[in-house]
Amino acid sequence: MLVMDSPSANGLKALAKTYQSETGIEIKFVEVPYEQLATKVILAAKSKQATYDLAQVDAGYMPQIVTAKALAPLDDLIAADKDYNYDDFPEGLKAYAKYDGVSYSVPLSTEPYLQWYRTDLYTTLGLTPAKTWDDALANAKALQAAGDIGYGGVYDASGAAYFYLSMLQSSGGRLLDPETNQPLLDAPVAKTVMARYLELAKYGTPGVESATVFDAVNSFSQLNVGQMILASGWWSTVNDTASSKSTGLVATANTPLSTDGPYEPVSSLFGWVAGISSASTHQQAAWDFLSWALSAENAGAFIDAGAPPPARISTTSNPEFLEKLPYLAAAGEATTDGLPLPRIPELSQIIAVISQNISAMVTGQKSLDDGMAAAQDAVLNILVQSGRYNG
Amino acid sequence: MTSIAPIEAGDRADSAIAGPPASTVRRWRRLEDALFVVPTWIFMLVVGVVPAGLAVWLSVTDQSLTSGTGDFVGLQNFMLAVFTPRFMGSLLVTLVFVVLGLIVQFVLGYLLAVALHRQLRGFQIARTVLLIPMLLTPVVVGLVWNFMFNPDLGIIGSIVSLFGGSVNFFANANLAIGVIVLIDSWMFTPFVMLMLVAGMTGISDDVRHAASLDGANWWEQTRYIILPMLKPVITVTLIVRCVDIVRLFDTIYTTTKGGPGTATSTVSLISYATTFQYYDFGQGAAMAIALTVVMFPVYFFYIRMTQV
Chain A
1 MLVMDSPSAN
11 GLKALAKTYQ
21 SETGIEIKFV
31 EVPYEQLATK
41 VILAAKSKQA
51 TYDLAQVDAG
61 YMPQIVTAKA
71 LAPLDDLIAA
81 DKDYNYDDFP
91 EGLKAYAKYD
101 GVSYSVPLST
111 EPYLQWYRTD
121 LYTTLGLTPA
131 KTWDDALANA
141 KALQAAGDIG
151 YGGVYDASGA
161 AYFYLSMLQS
171 SGGRLLDPET
181 NQPLLDAPVA
191 KTVMARYLEL
201 AKYGTPGVES
211 ATVFDAVNSF
221 SQLNVGQMIL
231 ASGWWSTVND
241 TASSKSTGLV
251 ATANTPLSTD
261 GPYEPVSSLF
271 GWVAGISSAS
281 THQQAAWDFL
291 SWALSAENAG
301 AFIDAGAPPP
311 ARISTTSNPE
321 FLEKLPYLAA
331 AGEATTDGLP
341 LPRIPELSQI
351 IAVISQNISA
361 MVTGQKSLDD
371 GMAAAQDAVL
381 NILVQSGRYN
391 G
Chain B
392 MTSIAPIEAG
402 DRADSAIAGP
412 PASTVRRWRR
422 LEDALFVVPT
432 WIFMLVVGVV
442 PAGLAVWLSV
452 TDQSLTSGTG
462 DFVGLQNFML
472 AVFTPRFMGS
482 LLVTLVFVVL
492 GLIVQFVLGY
502 LLAVALHRQL
512 RGFQIARTVL
522 LIPMLLTPVV
532 VGLVWNFMFN
542 PDLGIIGSIV
552 SLFGGSVNFF
562 ANANLAIGVI
572 VLIDSWMFTP
582 FVMLMLVAGM
592 TGISDDVRHA
602 ASLDGANWWE
612 QTRYIILPML
622 KPVITVTLIV
632 RCVDIVRLFD
642 TIYTTTKGGP
652 GTATSTVSLI
662 SYATTFQYYD
672 FGQGAAMAIA
682 LTVVMFPVYF
692 FYIRMTQV
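Going down the list, the protein sequences come from chains A and B. 1 is the number of the first residue of the first sequence in my numbering; add one for each residue after it. 392 is the number of the first residue of the second sequence in my numbering; add one for each residue after it.
No lab work stands behind these hints: they were computed from the structure. Please note: incorrect hints may appear among the correct ones.
[To be verified] Covered stretches of chain B (chain A as the covering partner; in silico rule of three or more C-beta atoms under 8 Å from a C-beta of chain A):
| # | region |
| --- | --- |
| 1 | 434 to 440 |
| 2 | 536 to 548 |
| 3 | 641 to 653 |
| 4 | 665 to 678 |
[As the list claims (entries may be wrong)] Listed next, the stretches of chain A that the computed footprint assigns to chain B, with coverage defined by at least 3 CB atoms under 8 Å from CB atoms of chain B:
| # | region |
| --- | --- |
| 5 | 35 to 49 |
| 6 | 110 to 118 |
| 7 | 347 to 358 |
| 8 | 361 to 367 |
[To be verified] A short list of chain A residues far from chain B (calculated; beta carbon distances all over 12 Å):
| # | residue |
| --- | --- |
| 9 | Asn10 |
| 10 | Leu121 |
| 11 | Asn381 |
It should be emphasised that the depicted structure is a prediction, and the values quoted were computed from it without experimental measurement. Positions of the beta carbon are idealized from the N, C-alpha and C atoms, including for glycine.
If we strip away everything but chain A, and leave its shape as in the complex, we get (with noise of 0.2 Å):
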């Protein structure tokens, strides 16, 4: 199996070992950098070769590995597998594990963007989750004002945009227009939106202006970050008790959320999905082991490995699992309000030159208004050359 270095490959390979010892056979995992993932799992496809018969993948990036015919369709094992039972899994996640209507994957980590605060000093403040982004705003001015650090932004060249467009789509404004594909950055929301996220790298730490997730989550690990919004799966980090100084100080809330534009707010979910290559030759003992350690009773092993479990309906209800980790209640209600950036092959194109945009803004190489007309200008020219938009 082809994985990343992460809690979930984590998990996997805990289980991987019970279901040698119960089953006989071995499972070998090959660890890529996160840039080589998807390439790695495209180039063995194309080159037909059984390098990989599972692999671990980005759900965002799916669309893009599946045009290249690289993950073998589902629908079938899944449908023929009641052990599995697929029905334990909220509609929106299902959805998030397709690509134009067919399984090509299944749900392997459940990773929403949730609202992430430090209890301590919410507590010495009196202050309380935000509701919307103007509570995180303000909660983030009295943080700073207490002499702590107001909001923990990523506003990097490569990856700021994630973080926008969460704050996008939780603010009532869309990225896509969901029926034409028509870029909406020229939407008066983006606008506003963009400039509530560049308002909010004045409450950030010393250097915000190029902080990439990584930083952020060091930042919140070690300093005093009031609060930040961050997917729900780097909790095994920032709670690590060996490098981190704000576990046990740390609690999540959903998402802020504001209407600002025409859609409905929503929290925006992330995660890792797990596929067969449709180049494996193994595809229904690939499946017997996805099936096997994503089911609804290995969740607690996954759990105990560090990993983030897949968002069944059993286990984000469950007491004991809620105890353990306590941002699954609001995982579990992300994972069916929640909506996904566009399910397109190009979205790694539009999430890099909204990020440049996003960067040379922050930085003050571009105005406001300037940034977001090249960004809209730079994503339809993406969609008209792929013939997503045509206009």
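Go by the hints and put chain B onto chain A.
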């Protein structure tokens, strides 16, 4: 003592009748010579011409890992990926790195070479230390410098804060460019130094002594004697460094990733992203070919100017 018997006319005739004609012999010898060169040509074809030809072919097809069919599309990739503000901007960034990198590395490399050539005290040890950066992997170097310049935890930020200041090198376009030039120069100035020292070793001390007797000071000796005599070495060194800087990728990828905005986004970086992140091999190849074409006049200009 051996005696050589004169060749009789009859013998010559016999020999002419018995052996192949002279033109055939010459032809065989040429063929024989060519056979010795064949392995080199095969090697050149396999590692040079075939990949370059494949890149040219890819640049005129819609080859993509995700959606393309590999059909011939003419110059469409060049229109979509090369004649764009994005490519032109990254080309400008690349040229900025080339100009700044060459200036910094040549000036520092020359000064270090002079010190080494004059065998200043302690410089033999310094030479060994100076060569270490060249031996390191660029990715590792990039990551280490990235950590040092990290605005939150980096040592450079800590030093700046001792003086009451604060600076984020990755949030300012000029500083970010400076960081990349600094890292590349830290790694490769020793290479320039080594090349120049080798060149200086070939210049006789008598020449400098003669100039000194004529009253030429250090700068005049450098300007009118040393630099002109080092011209071939300097040319080769700068061309090698120029080509290397144009291909600069690892350092940028591990530090700024092209930011802030697109301030450090070079052609290599966007070509990599287009090819290996968006899987558009056709457009990625078009960018690479365009960069090669852009660089040709630069190489010829260097060679012509320096008359190597």
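Notebook entry, point to check: Which earlier hints turn out false for this structure, listed by number in ascending order?
Noted result: 1, 6 and 11
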